[in-house]
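S.K.: Sequence:
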Amino acid sequence: MTSFLAFAELCQKVEATAGSLEKINLVAAFLSSLDEPELSVACSYVMGTIFPPSQSLAMGVGPSILYEALSKACGCSTEQIGEMLRATGDPGLVAAGVVEKRRPIGFAAFQESRPLSIADVSERFMAVARASGKKSQDIKVKNLQYLFSLASPLEARYIARLAIEDMRIGIGEGGMRDAIALAFHEIGADAERVEQAYNLTNDMGLVAVNARRGTLAELSIMIHRPIKMMLAQLGESIASALGEIGTAAIEWKYDGARVQIHKDADHVWIFSRRLENVTASLPEIVQTAKEIRAQSAILDGEAVAIGKDGRPMAFQDILKRFRRKYNVEKLAARIPLRLFLFDLIYLDGRSVTDLPLRERRDLLEKIADPGILADQVVSASKEAAEEIYRQALAAGHEGIILKNPASVYAPGKRGKNWLKIKPVMETLDLVVIGAKWGEGRRASLLGSYRLGCQDAATGNLLDMGFVATGFTDESLAELTEMFRELIVLEKGMEVEIKPAVIFEVAYEEIQKSPNYSSGYALRFPRMVAVRYDKSLEEADSLERVVSLYRGQRGRVIP
DNA sequence: ACTGATGCGTC
DNA sequence: GTCGGAC
DNA sequence: GTCCGACGACGCATCAGT
Numbered sequence: 039m040t041s042f043l044a045f046a047e048l049c050q051k052v053e054a055t056a057g058s059l060e061k062i063n064l065v066a067a068f069l070s071s072l073d074e075p076e077l078s079v080a081c082s083y084v085m086g087t088i089f090p091p092s093q094s095l096a097m098g099v100g101p102s103i104l105y106e107a108l109s110k111a112c113g114c115s116t117e118q119i120g121e122m123l124r125a126t127g128d129p130g131l132v133a134a135g136v137v138e139k140r141r142p143i144g145f146a147a148f149q150e151s152r153p154l155s156i157a158d159v160s161e162r163f164m165a166v167a168r169a170s171g172k173k174s175q176d177i178k179v180k181n182l183q184y185l186f187s188l189a190s191p192l193e194a195r196y197i198a199r200l201a202i203e204d205m206r207i208g209i210g211e212g213g214m215r216d217a218i219a220l221a222f223h224e225i226g227a228d229a230e231r232v233e234q235a236y237n238l239t240n241d242m243g244l245v246a247v248n249a250r251r252g253t254l255a256e257l258s259i260m261i262h263r264p265i266k267m268m269l270a271q272l273g274e275s276i277a278s279a280l281g282e283i284g285t286a287a288i289e290w291k292y293d294g295a296r297v298q299i300h301k302d303a304d305h306v307w308i309f310s311r312r313l314e315n316v317t318a319s320l321p322e323i324v325q326t327a328k329e330i331r332a333q334s335a336i337l338d339g340e341a342v343a344i345g346k347d348g349r350p351m352a353f354q355d356i357l358k359r360f361r362r363k364y365n366v367e368k369l370a371a372r373i374p375l376r377l378f379l380f381d382l383i384y385l386d387g388r389s390v391t392d393l394p395l396r397e398r399r400d401l402l403e404k405i406a407d408p409g410i411l412a413d414q415v416v417s418a419s420k421e422a423a424e425e426i427y428r429q430a431l432a433a434g435h436e437g438i439i440l441k442n443p444a445s446v447y448a449p450g451k452r453g454k455n456w457l458k459i460k461p462v463m464e465t466l467d468l469v470v471i472g473a474k475w476g477e478g479r480r481a482s483l484l485g486s487y488r489l490g491c492q493d494a495a496t497g498n499l500l501d502m503g504f505v506a507t508g509f510t511d512e513s514l515a516e517l518t519e520m521f522r523e524l525i526v527l528e529k530g531m532e533v534e535i536k537p538a539v540i541f542e543v544a545y546e547e548i549q550k551s552p553n554y555s556s557g558y559a560l561r562f563p564r565m566v567a568v569r570y571d572k573s574l575e576e577a578d579s580l581e582r583v584v585s586l587y588r589g590q591r592g593r594v595i596p
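So in the numbering used here, spot 443 of the first sequence is number 481, and the numbers just go up one at a time.
These are computed hints drawn from the structure, not numbers from a lab.
Don't take every hint at face value.
Mimicking DSBU-like on lysine-lysine, the simulated pairs with C-alpha atoms at most 35 angstroms apart in a straight line are [unchecked claim]:
| # | residue 1 | residue 2 |
| --- | --- | --- |
| 1 | Lys180 | Lys474 |
| 2 | Lys572 | Lys474 |
| 3 | Lys291 | Lys451 |
| 4 | Lys358 | Lys460 |
| 5 | Lys51 | Lys172 |
| 6 | Lys404 | Lys346 |
| 7 | Lys266 | Lys358 |
| 8 | Lys266 | Lys460 |
Derived CB-CB ranges, DEER-like [said to hold, decoys possible]:
| # | residue 1 | residue 2 | range |
| --- | --- | --- | --- |
| 9 | Ser170 | Gly210 | 45 to 53 angstroms |
| 10 | Gly530 | Asp407 | 49 to 57 angstroms |
| 11 | Ser41 | Gly208 | 16 to 24 angstroms |
| 12 | Arg311 | Gly348 | 24 to 32 angstroms |
| 13 | Glu542 | Gly171 | 42 to 50 angstroms |
| 14 | Lys51 | Gly348 | 52 to 60 angstroms |
| 15 | Thr55 | Glu224 | 19 to 27 angstroms |
| 16 | Gly348 | Val416 | 19 to 27 angstroms |
For glycine and all other residues, C-beta sits at the position ideal for the given N, C-alpha and C.
Throw the hints in and build the complete structure from the sequences for me.
M.R.: Laid out in structure tokens, this is it:
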């Protein structure tokens, strides 16, 4: 029985260690000391996940419920917590600080009991996740409160971070893979095998237990158990991608949502990018999948909303379909999804991931009608690729993907066997009108900036969202100092800023927004330059935003 | 019965 | 999704 | 090249509060 304190001490050491190898050594040594149930839990926890996707459980705890639990456990106000958060930029340190000053209330009687074990914490988290229905938030809060009232400051630090599934100690899937391989290498585990097992199960705890038992090889592809999807890397240009791949399989990059379809006779399951079961939301895809001419199969593709005009609908419309539980058929009629299959993972009892793409494609074409296949052209010609690219964009999609026809299906891998090409979008010059204090690495820095455009009619600035990427650490520090002088108002973690500075912001697409006063927002905004040379009046106007919105992606909106 | 906040998934 | 930083 | 963290908009479900 391992104490939770031991786990917390490990996390502290790992967090304080800079080098990744050293981090992995620490984790590996810890894993070796655990019994089986603890091992399973600890592997997930170190990475900051509480439940593997297959369990279909979620904590349902975010900052709000966490801080409520902390304040109740320790008898401090939410204002105090807000102050600490602004100062530290770290929910974990807030929890530690609050617990340090804890006034024993409520569960004081438990103070006498034994120290928390990993299993204790895991049990409480289970209770938190299971709570649903009326008063469920109270139940979540009470369970967390119980943990905080028994925890030392160090334990509280990691209980808090775990509760919101955000560990930030520098170990992710890659680090844990290496740690498991190192811990159990004598039983035959190596990074390659561990990674493979993880990509097939998506459950690091399960992988670790099997690594220790020496049964990693038993974790294999099975119908009804989703596997990680192969991902595309961003290519520089069509020419460079062709230079990399040579003769490439060229496909449109659809603006939709990824789906992994499992079919077993008449049974169909559909899994999303994060391997959530989304079958119930996508009846027409289920229907389509039933027509696949195979006894059993796992297929990979994209679900795209196609409007009456044959053009893709806004991505926002696709979001209305995913995760929907009610009025599914009604929305399906209004926002019909089409399936474009581009890969085959499993066929009639056998994994085909080891076959080259061109053979998988051949098999796919045998079992699926052309109407549900993504078009594919195999070519080494730059002109041909450029033509397909133009067509994809003109059709309203994102760009193209160039794939190596000789490559295997590598679950979970983002590599140069699949290269995506997207256009460089235009930029907008927008006024910084607010900001938010950051967390973690961005603690005590302004880490996110609210942007506004000019409304020529009224002379007002209308906001259109935030930008938080494209900054170097250095530029962020400078900007924070500069904006500090311009702060007009502070409210929680948000700050209002006197309009004076212009950011040039790149984006993928302009979206209609129900959340911002301009009525528009940017998809994937990133800061590309601070335009010290521009004055407020030279910032872009709403009129320009609207006209860009109407003309984008070959779309003409009347 | 309705609204707003919150969490969590898609990109 | 994007991006920067560390290794 | 790879991994990790610090962040973006949006829409649905759920729950608390009215």
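S.K.: Does each hint hold? Answer for all of them.
M.R.: Here is how each hint holds up against the structure:
1. Lys180 to Lys474: Given pair lysine 180, lysine 474 holds - Cα atoms ~30 angstroms apart, limit 35 angstroms.
2. Lys572 to Lys474: holds, 23 angstroms
3. Lys291 to Lys451: Roughly 18 angstroms separates the two Cα atoms, so the pair holds.
4. Lys358 to Lys460: holds, 25 angstroms
5. Lys51 to Lys172: Judged against 35 angstroms, a Cα distance of about 40 angstroms means the pair is violated.
6. Lys404 to Lys346: It holds: about 29 angstroms lies between the C-alpha atoms, which stays within 35 angstroms.
7. Lys266 to Lys358: holds, 24 angstroms
8. Lys266 to Lys460: holds, 23 angstroms
9. Ser170 to Gly210: 45 to 53 angstroms: violated, 29 angstroms
10. Gly530 to Asp407: 49 to 57 angstroms: Holds: the Cβ-Cβ distance is about 54 angstroms, inside 49 to 57 angstroms.
11. Ser41 to Gly208: 16 to 24 angstroms: Given a distance of about 23 angstroms, which is inside 16 to 24 angstroms, the answer is holds.
12. Arg311 to Gly348: 24 to 32 angstroms: holds, 26 angstroms
13. Glu542 to Gly171: 42 to 50 angstroms: Holds: the Cβ-Cβ distance is about 49 angstroms, inside 42 to 50 angstroms.
14. Lys51 to Gly348: 52 to 60 angstroms: holds, 58 angstroms
15. Thr55 to Glu224: 19 to 27 angstroms: holds, 24 angstroms
16. Gly348 to Val416: 19 to 27 angstroms: holds, 25 angstroms
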